[in-house]
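Peer 1: Below are the chains, spelled out letter by letter.
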Amino acid sequence: MATKNQITGGGFQDALGNVLAGGYLVFELSQDAQVNGTTQIAAGYTVRINLDSSGNVATSPAQSIWPNDVLSPNGTFYLVSAYSAIGQLVWGPNAQQVLSSPSPYNIGVWVPSSVNLGLGGGGGASILLQTNGAANGSQIKLNLVSGANIQLTDNGTGSVTIRTTPATSVANNVPSFSNTTGTLQDSGIDILDVVLRSTNNQFGNTIQTFGLSGSGEVQISNNGITGIAPGLATTFTISTTSGAATFIGGISATDMNMSNTFNHSPGSPANILYWALPPSGANVVSFGRPYQGGGADPTSTGLFNNSGGMLLVDDNAPLTSFSSVGITWNAKDVLIAQAAPTSSATASNLSTPVVIGGTTYYVRLSSTP
Amino acid sequence: MARVAFPITTFQDAEGNPLSFGYVLLSISTDVNTPDPAQLCEGMTSKITLDTNGVVVGSPTVWPNASLSPSNAVYLYSTYRQNGQEVAYNIPLTV
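In the order they appear, the protein sequences are chains A and B. Numbers in my numbering are just positions in the first sequence, counted from 1, shifted up by 25. Numbers in my numbering are just positions in the second sequence, counted from 1, shifted up by 74.
For the chain A half of the interface with chain B, some residues (derived, Cβ under 8 angstroms), not all of them:
no.	residue
1	GLY35
2	GLN38
3	LEU41
4	ASN43
5	LEU45
6	LEU114
7	VAL115
8	TRP116
9	ASN131
10	GLY133
11	VAL136
12	PRO137
Counterexamples of contact, computed for chain A against chain B with all Cβ distances above 12 angstroms:
no.	residue
13	GLN155
14	ASN161
15	LYS166
It should be emphasised that the hints constitute simulated quantities derived from the structure, not laboratory data. Glycine residues also receive a C-beta, built at the ideal position from the N, C-alpha and C atoms.
Next up, chain A with everything else stripped away, as it sits in the complex:
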């Protein structure tokens, strides 16, 4: 509920600083008004405010008046006049406003005949306070309140800076997930696509597992995963409960050795698109087994697109049957496997075994039916 505000100060004086001792002020409201929805303020009644021996509003007893910013309609003001102790008009009448803040309100700050707030009165243009296009409940007060992780700063010059204050720092352009090493569920982040970008080894050599509940895809940006040190096992796993899991984007690690494995969970097909071979001089890329590194042989169908490059399977536990690898072959794909064909269909797609260093390899080029 709005209340009156005590007024103080004023320091009424002449050019040489001689104060208006024992004088008084007369306040006249510019128009009838209402406050708190229940009280009528009659403009016809003038209010007398006594000054003390220093030309200030006397504070004993305190003298209060209705602030203009709590009155309806908007834009009211007071016509204020100052009189000497013998009743001579020495100041005003001037159009002034008393506000609800600060309290008490020092009228020494008044600039004569300058209404302090542009509330639509005094013949000036009115303002309309809105939020997202809808009129605010109060048209006389706009108090900005910061929500979670939002910081508001009054710059003191009429502008307010709004900026976010994230709970945790976010390095560069890596999205901040609260559970980057856990599982992203639809209930946590309602998304179909998750875009992972790393330009500063944000992921490092840690194991990153992102699971999507439902269909969707995990994208690795063209920046790819960089800075994975050689000789360290890195596993990147996509798991879905339905639909395809897709790697898109470059994998530009400079030295991805055979320990690095790109997996997806059993039961879902995997699409691996557009990977980049390591630069010249780096180790050979090895994905281990294409679907489950070290696990059971895959039974689902994967796809290596035309823009894909190479699949090398060099597994210490050779596949028991290539027929179980339902890969759709395209140009540029190469399979080198350390496993013997176990079916005629698979055997027909493979070259004559090649013995290298005492180990037998079976090679299939995609151009070979």
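Following the hints, position chain B against chain A.
Peer 2: Here is chain B on its own, set in the frame of chain A:
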């Protein structure tokens, strides 16, 4: 910004005679706000007394006009002989 000394120290009539024991009435052209903050009243007139040589008695001070708001205000002063005869009226002064 602080108050400064009233800039005129000696007053004479049109013939160059000092306004011995005369006086000066000083006011502001409009109500203004001062840096105190305080209100300087248009309707209040200040009196500055002069000595036998027409020199200002004491050290009266005023606010520089640039420190006042609104900024278009000017001081106005009138001079008088000892017997109250007006010598000059409402001379604008910017300090």
